[in-house]
Each structure stands twice: as structure tokens, then as C-alpha cells.
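Make the full structure from the sequences, and use the hints.
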Amino acid sequence: MAQTLRMTRRQFVITSAQVGGGMALSIAAGDAVAAALAHREPWSRPLGRGAVEINPWISISPDDSVLIRVASPESGNGVMTQCAMTVTEELRCDWAKVRVESISLNRDYQENLVYSTPGDFVATFAGRSTIPERMEYLLQLGASARERLKAAAAERWEVNPAEIDASNGVLTHKASGRSLRYGEIADHAATIKLHYEPAPKPASEWTFLGKASPTKLTNASIVDGSGVFGIDVRVPGMKYAALMQSPVHGGRLKSYDFDVIKNMPGVRGVAVVEPSAPRKQVRWRLSDQDNAPQAAIAVVADHYWQARSALEALPVQWDPGDGARWKTTEQLYDAALEVLEKPGETVDKDQGDALQLLASSKRRVDATYMTPFCDQAPMEPLNGTALVTADRVDIWHPSAISIQAYCTAAEEAGIRPENVHLHQTLVGGSFGRRLFGDDVCMVIAVAKRFAGTPIQVIWSREEMTRQGRYRSLKAMKLSAALGGDGLPIALHTRLGAFIKSGQNGLMDGAYANGLIPNVRVESTRVPLHILHGAYRAPGYNSIAFFVESFIDECAVASGMDPLEYRLRIFDKWPDAGWKKCLEEVAAKSNWGERLPRGQGQGLAISNWAMRGKPHSGTTVAVVAKVNVTRAGELTVERLDLAFDCGRILNRDAVLAQLQGGMLFGLNMSLNEELTIHDGQIVEGNFDRYPMLRMAEIPKKLEVHFGALSGHDRFNEVGEPPVGPVGPAVANAIFRATGKRIRTMPFRKHDLRWT
Amino acid sequence: MALTLNINGKSHTVAVDPETPLLWVLRDHLGMTGTKFGCGISQCGACTVHLDGAATRSCRVPAQAAAGMKITTIEGLSADATHPLQKLWVEMNVPQCGYCQAGMLMTAAALLEQIPNPTDADIDAWMTNICRCGTYPRIRAAIHRAAEALRA
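Chains as they are written, first to last, in the working numbering: chain C, 1 to 754; chain X, 1 to 152.
No lab work stands behind these hints: they were computed from the structure. Where hints are given, some of them may not hold.
To be verified - With a cut-off of at most 25 angstroms between alpha-carbon atoms, the simulated SDA-like pairs for lysine to any residue come out as follows:
| no. | chain 1 | residue 1 | chain 2 | residue 2 |
| --- | --- | --- | --- | --- |
| 1 | C | K699 | X | A79 |
| 2 | C | K97 | X | A79 |
| 3 | X | K87 | C | R99 |
| 4 | C | K700 | X | D120 |
| 5 | C | K699 | X | P116 |
| 6 | C | K700 | X | N117 |
| 7 | C | K97 | X | K87 |
See below:
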């Protein structure tokens, strides 16, 4: 991935993009650039005076505070804290004095890619702080800085560096009883060149990673309101823009009448964004879609409320384009289901002879599942602030991938990268929404119409929800042939989707990579105008529901207990972590307890990022306990989760991600669905797109650590829990009511029973 | 038109359309950005402030309606982030992305003022703010701990 990005940037071709139309009243520019740059990192507190840079990642101040720069923005998973912990393990500084800030992409570009090599972590979004390459690099950074501090002290004391001990930010020479704090020798250390690279110690000797569980370094700035998210940026002379994009994705602006609003208070002008203006795209390889803006109009005013009021009063007409032919949601669903009746456009996997076995099978199970469009709905509405001048761009942005934001800003503004300055802010949630830079593109497209004036563009919640980059609708038909022992011997699946999908959780999962000998996976793509993107645990968030509900149906058809059924299936699997997860979660959740009608337990197990092989990815097993009243009212009373990601580095951070991921998966399953009418997304806000609140979450939400295998990977934990919660709940509903749930969201099902 | 607002014990006079929601007066006119915009329709609670001690969603309160009231924002919850809730929020690692937490803290602080020893049912009834990251279990635990701390 790093290779791709480096090449991309070397191949940077800048064109001067044009934006057609629009009317602007004059705004006095003022010298906003200098003022704005007074705070390069809007949310971090400045280091003490006299800070010395040991290397581009690590600075140390005379007061011993240590600044560690991190390539991944903080969107809530603690990535900045985790990276700083990894450096600290080897640097052996005082954790209480560690601070973090984001790297400068501009510096990276200008100084021979100082933050780009090796590995992929400049590019990488919020997570993946624990991939081996990155761990090694961060440990090496810490070890090298520590050895230079030691070497500096050794020179001063005229002793052998090997006799110096470094611990908790203090260098000690035991024999002579001398000591120095890091801050006292940092300037000298910065001049030291090592003749060798010290080897980081093996994981077995770590004293901080995996042992301590510090809270996030960003917490303090959250609880007093001082933390700066994108929407909190205040640049002198800044104006605000309220945004409206074509209500039908892909449509065009037909007409508008600025005269109607031009005398409204504070109004400065409008910006019209033309999607077909020439732009150079950086293709982020996670995405197969453009991040070009939609056709849009934005009203700029002195204050946001003025801009928004004026936008609401502005007469605007749109040409909806081709998307308007999708009149109803049912039309969409029918289109996805229809293709399941025909052979797939592509055969993604074909091993053994699944079709033949199914044709001749006496014990077969068939079912069709579907999941709808969903929005990531991070709590911070999309926004960004940009100042575009003839030869420079500054953008203050809550991007989840800094380098994507940086490259996108350069392209949209038509300004060379060395003159682009991205000021990364805190990120008010992403869940996949802030990865591809479509928001950056829009912000720059608006701001360049007001060159010389900083413009903050804010999406209303309704605008953001209806102009998403969604988790796309998927439908899947599954068929299994069961052997004499009741276990599946053949599996045939057909996916109908509006995007090309990787089918994470099936294609790379255990059933299709050894456990079921005959597997055929097909898929068909149906073209659609509705935009799509990444949503926490892409692909897997639907596929895990399809597969784990379907396996439950197979267990029922075999007359076996769902736990026993899965234990038998995974008996043959070389990675014992799966069975351990099942056994742990079953024991802790009191699996198999006798329950009255209307109550039930359900089980599901899945793995995120398995990549087709055992001892890989994160395995997660969930037991849900539900209560369904005769009137059909569903309560998820309890969720238990056991997992195996190999090993962990910060127990409480892992726990937080698993708790949050379970609730994310629960809300997705119970509540989330976007519908369309005449090509437009209907739901705009939380009144129609409900979110779980305190009173609605399970009274017990338990994470069990007993299935951790200790395998030498530190796989991620943010995505994995999103998969198995939905099928565990659906399987529990089946046991409580006899009703098999095959579509999300569950709240739309009639669960009454007699 | 000039409005005078009493915010965190200080008087502020702002030239603003009196119908402007209090949220935007705080954020844009006064630069107090701790109070967040999340939905604009009183659904999510990210914009919660205290008006005469009552937790109120400021995105739907016209600024003039708050004139003459004692307004408290997250910046004024304590002088130095030492409210027991703030300390426990850090210690118990409550925030994930953190965007909703100012509203959560303001709601929880008002709850503890009204009900010093809240039950789970009280917390359910009061804490109707939305957190997309799923920090609810920690918020509940931190409120219980803060209630203990305040009783001690």
C-alpha cells in the first residue's frame, strides 16, 4: 500500500480545476493565513520551550515532556495513544509526560517522505496501529532515540554507553551514581549519529505494552470541551457555508435565484460546484469509487445560521438525472433479489462439486437473506475549513486518512502539494465515512470560489445522511447439502449487490477455506446511482449475518444444538481459537439454560480479516439472549462475546472497542435502513434513522478474555464484533418465537407469537 | 439587535438575530465550541447546556429565550475539569471519539443535581443522548461512581 501511495505522489499531476457558475459578493480577504498558522495543530497543546527534535517523530523538551507524532488521525479507537505506547516501550520515557500530535503531510512531501517509509502507516486510516511492520517501526524509533540519549550521556560522562541505564525518562550511570533527565541531554542527543541500529527487545521482555492499560491521551481535551474537532476550527476572518447537493445522487443543478436571498442578513454569496469540472483523482485502493463532489450549491454567510437560513430560502431546481427511475425501495430490493434466480455474473470461488452434490442431495437447506443501505452516521456532521489562495491551500479537517485529504485538497485546488497544508483535527467518529476525501473535495470546491477567505463548510445532519457513501444493499441466496452426520458438505451462494463486493467473512472465511469441501460462490452486480463507501467492517457486516444465520438453519435442519453443531464443524479446523471462543462464550453466557417461550439464546461465530488461513484475523463468538413479548416487542437482554485476536497490547482499549463494536452491530441489525423515494434517500435525521440509547442497550454487555490464544499476532478489534451480533440476535429470536429473521433491520419484522 | 446572555457566570452582549438558536450563538458568535452540533432537531443531545440548572438542548432554543437565564456550558462545568464526572470520564476511559461527550457530561451533571443517588432506571430516563461509538456502559458506570464521590 505504501508503494502505491509513494508512486501516486511521485506521479502527481496538478491541473487547474475550474468551477463553473456561482455568484459572489466581495469579501475583504485580510491576512488570514499568518493568523491561521499560529496554531498548526488546533487541538494539541504546545510543547515546553526549547523542545529538541530527536527525529521527525519524537521531540523532547527541557521539562522532559515528549512529543510523539502519529500518522493516523484519532477518530475514537485510541490509535494515537497506542502508537505512542509502542514508541514509549523502547524509548523508556515517562508516560505521564507523553503527548501526541499528527504528522505534517506537507513536511513529509517536502522532506523526502520522512513519514512515509517503511510500511503503509502514513496512508493508513484510524486503525491498524498493531500491524507487525508498524509495530517494528515504532519500536525501532523508540529504541534508536533511547540509544542516542544514552550515547550523549556517555559522551558527557566519558563512560561506556553500555553502562548506562535508561528508565522512566532518566539516564543513570550506576557505578558513578550520576543521572540525567532526558530533557537535560536531548539537545546533545539530537546531534548523535549511531553507527548501528539497536535491536528492539523481544515481546517477551516488554514491560509496558500488554502490561499497562493507560487511558487515551486525548481524554483530557474531551471532558472540558477544549478538544478541537473539524467543526470547532476558528480561523480569523472565517465565513460559513451551508451546503445542498443534488437530492438524487448524480443529478445536476438546473437553476437557482440568488436575488431572492442576496439581501438576507450576513449573506456573502453562493458557490456552485460542477461535478464535471476536470479533476485529477488519486485512487485510494480501498475504494472503487470516485471521490469527486456531487453537483452542489452552497450559501456563504458571516455565520452558519445565516447561511443555513438563506439556503433554505433559496429557490433551487435540480435535474435529477437517471437515478429518479428508482421510484421505491421495493424496486431496489426486487432488483437485488431478481438476479439471485440466475447464474452469477462472476464465479468468485468454485472448489469441489457443490452444484452436483446439491442437485442430488436429499438433505438440503435453502434460504435468501438481505441487508439494506446504511449510513455510518458519525456524531460530528461532515465539515471542513479551507483557505485557498492563488498559490497555497490550508485545510483544517477531521479526515480519517490524512494523506487522502492532503492529496484530494491538492487536486481539487489545483495547487502543488508543497503548497498544501493539512491541519488534522480530532475526528468526531468515522466508521468508514471520512476515508475517501469526498468531503475534502467539496470543501475545497466551495472555498476556491472565495479565494483569500477561510470558509467553513458544514453539512446539516439531513444533508449528510442523504448524501452518504453508504454500506450498500446486499442480497444472498444460500444453499447447503448436509452429509450423513448433518454437517454441510456443499455450499452454494449467490450474491446480488449494487457494488462489487469482496464478500469478507465468506470468501476469506473458514467455511469456504477448508471446512466445507465443496463450495461455489457467485455474484452479480446491479448498476445503481446511489453512492456507496466503507461502513465499519465492510462486506463482513452483511455476510456474517447471512452465513451465521444460515449455519443456524442447517443446525436446525440437522436437529442439533447450535453450539454442538458448530463445535463439530470446527473440530476439523487447525486453529483451536475458534472452538475456544465457542466454549468460552457458551460457559460464560450459561448457554443452554432452560427458558420459557418468548425467551431465547442465539449463537454466532465469525472472523474478521482471516484472509483464508487459520491463526489469522480476529475470531469472535457472540451469544445473545432475547425476550419477545406476545405482542412482538423485542428486548435484547444480554450479549456475551469471546474473542481471539492473538494477543493484546492495551486491555481497556480492546475492551472499549469490543463494547462499542457490539453496540454498533446491534444498532445496525435492529434499527438501520435507508429507503428511497423517486431516487432520493428518504431518511434524514435520527428521528427516522434511529440510534440505540442508554435505555435500549442490553442490560448485560459482557466481553470475555478467556479465549485469547496468545498467538503472536495483535489483530484489530474494532470491526470484528460488528459481524456476529446480528445473527446471534436473529438466531435467539428464532428460538424464542420460531420466527426466522432473514432481513435487517429487525425492528420491521412482526415478531408476535401465540 | 443586541442580546445579553449570562454564560458561565459572565455577561456577554452579542449582536445577533434573537431567533438564532443558542447553540450557534455559543459556537459562532462567542467561540465557545465545546457545545456541539449533532442533529439540529433535539434528537442527539450533543448540544446540551444548562439553563437555570436544567439540561437543555440548545439547538432548538432561540437565543432570546435564554436571555435572563443562567447558562452553563461544558466550558463552565468546572473551572479546571475537576467536576467528579469529568475526572471519572478520564479515569474510566469513557470517551471514544468524544464528540457527544460534552452533551453527555452536561446531562449527567444535571441528573446528579436533581437525583444525587440515581438508579439505573433514573439513568435510562435522563441519559437519552446519542453516542455512536457505544460508550453507554461506561457512562452509566461513571455516573454511579460520581454519585458515590459526591456523597463522600
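Problem set entry | Hints violated by the structure (listed by number, smallest first) | Violated hint: only 1; rest satisfied.
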